[in-house]
Amino acid sequence: MTGAIVGDAGHAPARSIRPIATAGMTIGIGMGGFFDGILFHQILQVHNMMSARIPTDTLLGAKVNMVWDGLFHAVVWFVTAAGIALLWRATARPDVVRSGRTLAGSILIGFGLFNLVEGTIDHHVLHLHHVYERLGVSAWDYVFLASGLALIATGWLMIRASRSN
Amino acid sequence: MRGRASLTAAMLTFGGSLAAGPAHACTLCHSRIADDVRAAVFGPGFWNDAVALISPVPLLAAMVIVMRRYLP
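Residue numbers (our numbering), protein chains in the order written: chain A, 1 to 165; chain B, 1 to 72.
Since the hints were made in silico from the structure, they are not lab data.
Where a beta carbon is used, it is the ideal one built from N, C-alpha and C, also for glycine.
Errors might be hidden in some of the hints.
[Claimed, not checked] Which residues of chain A face chain B? A few of them, derived with a C-beta cut under 8 Å, are:
hint: 1; residue: 25
hint: 2; residue: 63
hint: 3; residue: 64
hint: 4; residue: 67
hint: 5; residue: 68
hint: 6; residue: 71
hint: 7; residue: 72
hint: 8; residue: 75
hint: 9; residue: 113
hint: 10; residue: 128
Let the hints inform the model, and build the full structure from the sequences given.
Below, the structure is given as structure tokens:
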């Protein structure tokens, strides 16, 4: 059985990591969004949410992008809140394995999923923005996707290691 | 009575903070640039942009369900 530890027949209930992992992945997606928004949109300012459609080299363009950055942060705030609610519910269940390494691994998977999915849709399909906007689609966009795959693989290995302990 | 005076003072403070100069652009301000920002954000393309903004969410939810199914 995948994702669950089966106890002795008729004695211990089956124990599962799935609720914790689902919560972790959801929190990871939210934190991945915050990482992107805080580091790339605000601190480094290499792109903004709509910077491929609305140039940021005027006050108006910068301000409009700032509003869209805020709406983006509102979305990832709700995703993070949902993840915390899922984690709260998971920890209240007696059949759930409370593993810190599983939680950390699933957060990394969520972070990686964010980079992979947001990078594909926003950078390559819809062209809302690109990692380094001055270059348009560039190697940095593929590095962003690759970082997503690396985070997913790292999280996956962490969960597998926690299961074998 | 005191409560009403406090509420009025608070509203005057808030309203005063929105009376910005022409280059100020707080989203709810009454200034030229703020009007332009609102027109650009909430113009005819608003719903297209909003849908684009949240378009990764359903795919991310689907990916979480798939990953949950195939966890090691």
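Each hint tested on the structure:
no. : hint : result
1   : 25   : holds (5 Å)
2   : 63   : holds (4 Å)
3   : 64   : holds (5 Å)
4   : 67   : holds (5 Å)
5   : 68   : holds (7 Å)
6   : 71   : holds (6 Å)
7   : 72   : holds (6 Å)
8   : 75   : holds (6 Å)
9   : 113  : holds (5 Å)
10  : 128  : holds (6 Å)
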